[in-house]
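> Each chain is listed here by its residues.
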Amino acid sequence: MNLAADKRITDELLKPLQGSSRRYRLTVAALMLVVSAGVAAWAVQMYSGIGLTGLNSPVFWGFYLVNFVFWIGISHAGTLISAILRIVDAGWRRPVTRCAEAITAFALLIGGVLPLIHLGRPWLFYHLIPFPDGRGLWPNFRSPLMWDFFAINTYLLASTLFLFLPMIPDFALVRDRASGIRRTIYGWLAMGWQGTPRQWNRLESAMHIMAIAIIPIAVSVHTIVSFDFAMAVVPMWHSTIFGPYFVVGAIFSGIAALIIAMALLRRLLRLEAYLQPLHFDKLGKLLLTMSLLWAYFVFAERLTVWYGNEITEMPVFWATFTGEYAPAFWIMVAGNFVLPAVLLSTKRTRTVAGCVVASVGVVVGMWLERFLIVIPSLSYRQLPYTWGSYAPGWTEIVVMVASFAAMALLYCVFVKFVPIISIWELKSGNDMDDAPHIVEAEARDAAAGPVPARGEAS
Amino acid sequence: MPRWGMAVDLDRCTGCEACVTACHAENNIPTVGPEEAARGRAMHWIRVERYWEGEFPDVRLTFRPVFCQQCDNAPCEPVCPTYASYHTDEGLNAQVYNRCIGTRYCANACSYNVRFFNFHNPEWDRPLDLQLNPDVSVREVGVMEKCTFCIQRINAARIDARAETEEGRIEDGTLQPACAQSCTANALVFGDLDDADSRVSRLSRSPRGSKLLEELGAEPSVTYLQKGDWDESGGG
Amino acid sequence: MGGLAASVVLIGVLAGVRLISAQDRLVEPQSGSVFSPAHATFRDALAHFLGWRREPVQPIPFPHRTHFEEAFLECTYCHDGAARGPVARIPSVVVCMDCHFDVATDREPIQLLTSFYESGQEPPWERVYGWLPEAHVRFNHAPHVRREIECTVCHGDVTQMIVAEPAVDHTMSFCVGCHEQSQASIDCVTCHY
Amino acid sequence: MDRRQFVKATAISGASASLAACGNPEEQLVRFISDEPLPPGLAVTRRSVCPLCPAGCGVEVRVMEGDVEVVRDGVRGIVKKGLAKKLEGLPGHPVNRGRLCARGQAAIQVTYHPDRVRQPLRRTGDRGSGAFAPVSWDEALAELAARLEALLQDGDPRGLRFLTRPLRSRRGVVISEFLERFGAPAPVVVDLFGDAVLRQANLESFGFHQLPTLDIAQSRYVVSFGADILGTWNSPVAQSVGYGELRQGRPGIRGKFVQVEFRMSQTGANSDQWVAARPGTEGFLALGMARAILASGRRSPSDGGRAGELIEGWSDGLQAYAAEAVEQVTGVPAATVEQLGREFADNGPAIAVIAGVPLAQTNGLFNALAVNALNALAGSVGVPGGVRFTPVLEGLRGLDAAGETIETLARSILETPAGGAPPVDVLLVHDANPVFGAPPAWGVGEALARVGFIASFGSFQDETSAMADLILPDHSFLEALVDHVPEAGTARAAASAARPAMRPLHDTRDMADVMLDVGRRLALDLPTEWETYEDVARERFEALPPPEGFDSAWIAAQANGVWIGPEAPVPEPASFPDVRPRAYAAPEFDGGADAYPFHFLPYVSQAFLDGSLAHLPWLQELPDVVTTAMWSSWVELNPRTAAELGVEAGDLVEVRSAHGALQAPALIFPGIAPDAVAMPMGQGHENFTRYATGRGANPVRVLAPTVEPETGGWAWAATRVTIARLEGAGDLVRFGGALREHPDLER
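Protein chains in written order, with this note's numbering: chain G, 119 to 576; chain V, 3 to 238; chain Y, 14 to 206; chain E, 2 to 748.
In case anyone wonders, no lab produced these hints; they're calculated from the structure. Idealized CB from N, CA, C, for every residue including glycine. Honestly, I wouldn't trust all of these hints.
What the hints assert, rightly or not - Okay, the calculated bits of chain V under chain E, using three or more residues with CB under 8 Å as the criterion:
hint, region
1, 38-45
2, 72-82
3, 88-95
4, 110-124
5, 187-201
Unchecked claim - Estimated spans, in silico, between C-beta atoms of each pair:
hint, chain 1, residue 1, chain 2, residue 2, range
6, Y, R159, V, R62, 35 to 43 Å
7, E, R521, Y, P104, 52 to 60 Å
8, Y, R159, G, D251, 36 to 44 Å
As the list claims (entries may be wrong) - For the chain G half of the interface with chain Y, some residues (derived, Cβ under 10 Å), not all of them:
hint, residue
9, Y165
10, G252
11, W306
12, L387
13, K465
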């Protein structure tokens, strides 16, 4: 690759960082408004009590936890794409990784706040933190919620690091082109990056260690989230399959979210040259794989419940299969299985648009899956006298909308400050031949002037 | 150290619900009003479940008082992240309101659904608040609450017993939670399960006895004595 | 024997309620006025959360030391509930007037005290110790007194104070420390229910 | 947060937790000196009697010191008062034996009710509008005395009437004596869902004009014809205590309990055998059982004694009541009739009891006489384990319905031609709400509107006291001296007496003291020693034999909460009325079966009784045990009927009779016959405190004014109705979920 191509990539990818359009500012303002509405709803709920939600006895958990599990699931986008693909050194990952890692960090932030919103007395959340004092009080380490607390914090820390490390060379790049306060801030973020071989070496090995370490963390996080349910003797929660089922579902929804994010970025930031149909094709295949895996788990779960015919589980089974929750169930099956299977099995429909449509189906389906796990089981517990139902309250709906807005907002802000495609990784890629656009540019540049030896950038 | 338990004789229980009101009076349980009740937030630490069987005219209706079973192996306890729900030395599932941050996990874990949550601050139209029992906390918004076996009475009885005798033993029958005290048909019997001679432990060993949702393995401290059958020989 | 018991009971019954009632009217509740265990205002909630509090200000600088050293009054003479039950109680001005009808009537504070009594009011004593309802603490003096735990352990040497001061911090660690030392129960529901 | 500072914060502890003023000096109120010295933080036990139903359960009142916000001489402040905190059954009371029902537990809320009338009120708006303004007691009493004085001046003392609910205390004597000295007719006792029919039957069969005491504890077989013995009827706590013993109180012996009714009540749910008999045919079934006993030779007709002789065909072995005929009439299978008869005779002591729907029929008296005859045949009357009668204490006897009823009173007022002076000029109302409880056809509301002057002693504004010109609020029972003589529920004579458990919270006065005061103002010739009601109550107690260790029964009653009479021999009936034997007549229903296909079976609500307790929030939120409904009223439909009408649970339906219509949500109820609908009484108040006003529907609105012809008792279960589904859903709040414990697993 030549210098001109490098420069071209750098220029194109740094473009979003240089100023913003009116449309962009309006979008951010609108998103901030929605997020503020969510914060306000939470404030009102704290003042008035969690009774503003639709929660009741017996449905003590509702939309907040549905969205919590949903967002934690989405957060698995980064892990798989980035870490696994890094480890196996799949070349096509390069334009995709940062996009995915950002989803992880933001989804975790959002997902991590939701259980706090869900608390009856959120101002006392510090009871979860272990600290010694004369009262002899500790949090209860036997509680899956404590495991959650630690797992999510660990994952948040790790994924933030994992996102941050490969950004350092790019920060340095921005630093070198910036002036004034921006230069100071990016200088601080670049942590003295000079691009020495020693630094590259360190970065590479750190990335490698993180990539390996974060996979078990990610798997454990969603396993532990599944344990929040599986540990309780609630019909259709108390299941050994929940750990892997949740992890698969998480990765599934994460890929779908990633595809949607990529499609949006591609369109809005004019990154068609970098996020190519090739990437969608590969992610589409992955999504299809996960869809089949997910379907397998759902089949296994429901078959065993149906065949086992336990008196306490069947009311939940039938409520979701033919009863009041059946519409949600069948939309979920359509979105999570039928749609991806149809659209993604053939090359002809595995286009960018096809992938996006399938992904939207999956995101909706996976949200419904979380809903179908949390609500029907609580509605139909062991004693039929206690059966009840649930409909969300206004704060729950506002906060849910705000959580989606928060994701969009964080992303909007992120792309303005950080190159959303890892510039150095793209440059270092040896598979750029795959990208016809780059090859063409190279050819044009070659015709224009002398070309330095390839691969010397590092 | 005593291990508190209860025996519920379903053959005696008439479903009169004296226990329900007695519990409200003793334990400062708020009335939530019609709108909140319609949302499924009514609080009754003890309730009388009713189940229909058969069709008219061969129809049966059975009652079963259900309240916290004070399980030995309680599912509500390990799930609480702050130890607000924990096991006392005397075998009670205690709820410490101070520690409760309102995750409501315990309520999900409890298969008997006997935990109640303060979705809003409880309110008493003045001067109804003058009736509140000063020996019992008034719980605020965001806190889980449940049957305590009238822990305030247990503590008071223990203090009295220690003042009176050296070993401070609470004699069987001197201590009753409000529900058992009001029970018109004497269906609820409370006492020390570790005292082999106490009424409750004798009833708990009855062949008519069983535990609610026994198969879940929560090992409740409450024994239900099933309805008897009448036969003309006069036995039962 | 039975007659004796009966008359004892009867005295109890008859002493229970005298039918002459002061002309008290219950305060009319304001519209929608409710009792709530939470804070009345946001300011209260914040002050509670952050632990802001006001030092107690007493209407009369009650000299505990004088009453102990010169009048030879035991703590339980005035705080008569301590040995019997949960609440030690701040004595009524009626108890003060038992003596102060005659004693030290020339002093200004006593005149103030008498004026409170004559207007049918208690002096607005402020509590020095105590917990908020949200602390859900139930403390019973009687078993502690029966265990012969000196008042000074928890209240400092009030006999040497003029105005009672919060000499001991009634923190949970303070209670738990003592309970652990004396092998009393530290089960949560011993105090929190 | 800093824990140390947190704990240091000053606070108002447990007993005064109700005051939010802590720590804010600007909110701190003056503290008045208390004149009720109570041990701080400790409970004191006082005694009382539950006033909510005529059973008269003894009550233990837990009283503790508490802070009360008051205004004293215009200054707002706080004062420590002794406050009732909890009611518990009085151990050793022969009726309730230390137990107390849900309603009794909730009685404490009467005292602390936010909508209690706090001082005398004078009407300022139209009658029934509920607009009142406070007046002083002096003014109020002067006004009442002036109205009464005017009657005396005009020589029309018969223009005064007194409406009261049945009273089992000497307050009844104060009322009666007052009226007699005044020259007015005897008080009109309002007891709409009462037991006038059964008292009459007991008088005719056994010579006792009172309700029976059921010795269930020692019985081996109990058959109840419609009587809600474990819920609301007679002395439910006493009967429940006995029921517990019947079931599991005796080693090796477990009694059987049979319930005969058309709609499963809470009591019916507890039966070992539930028998659905058509309303009004229960007496026929009882005689079918008697016939089976006679035919089997287990008993002879002479065993029935006088009670048997009152039934036509008795001495001939009741030929008309063959099992097949019984099946035809009642719908109960012939084999069941034979089986019940055989078991009843073989498992003595056995009890048959009748109340409720079977008596609220045009043939109610016959049904009661039939059951009495069955009891007599089995030898169950006056024996342990059978039907007994509590000895009557002369002079302490209560005030029961007799003579003029609210129906005849209303009619006499309404029949006065327009413009003519109505026969009632002054009406005093004590604890009765006939405007709510009487069928509309009697026109009680219209009649009251024509009365010149109404004064109510009500503690609450209700439909009747809203018609009053003057409200003279009574003490609550905890604030008053109470005495009570139970009519039933104990085999030994008993009488309760207790001083006030706490000081009055409001500016109220005891009704009896007010009557005595007015009597003095009018210079009526009342006994001079009756200075206060306490003197009246004590007077007759002093005449009772004191138990061992006491100088007087009055002191004993207060010390123990109850005076219990010596073990007395079976009371001898005073005299028998002269009546002829009777034959069964089919019940007549209002509304033809074609136009009105459903029996309408209202029932006394477990929570609210006849509606007089609908104002208590604990009882509003108490899930009805059979339906789990709270804060609601509802119409019970058989699932099959509901399906035919296309009605689902919660759907709004209209109940229409020939006398009116009402709307209420439907409730699917497996325990009711397909051709009947049932509805609880108690809701549908137009004006009865914030908790009951405008809530649900009042079934009385559609009831026919039919009466039992011989006793004049209201046949409130003799109406037929139609059901129609309306658009939309009703306000049905339920606590419980699924109806069945094992809902179908297959779909």
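> With reference to the structure, classify each hint as holding or not holding.
Here is what the structure says about each hint:
no.: 1; hint: 38-45; verdict: holds (count 3)
no.: 2; hint: 72-82; verdict: violated (count 0)
no.: 3; hint: 88-95; verdict: violated (count 0)
no.: 4; hint: 110-124; verdict: violated (count 0)
no.: 5; hint: 187-201; verdict: holds (count 3)
no.: 6; hint: Y:R159 with V:R62: 35 to 43 Å; verdict: violated, 54 Å
no.: 7; hint: E:R521 with Y:P104: 52 to 60 Å; verdict: violated, 43 Å
no.: 8; hint: Y:R159 with G:D251: 36 to 44 Å; verdict: violated, 30 Å
no.: 9; hint: Y165; verdict: holds, 8 Å
no.: 10; hint: G252; verdict: holds, 3 Å
no.: 11; hint: W306; verdict: violated, 34 Å
no.: 12; hint: L387; verdict: violated, 45 Å
no.: 13; hint: K465; verdict: violated, 61 Å
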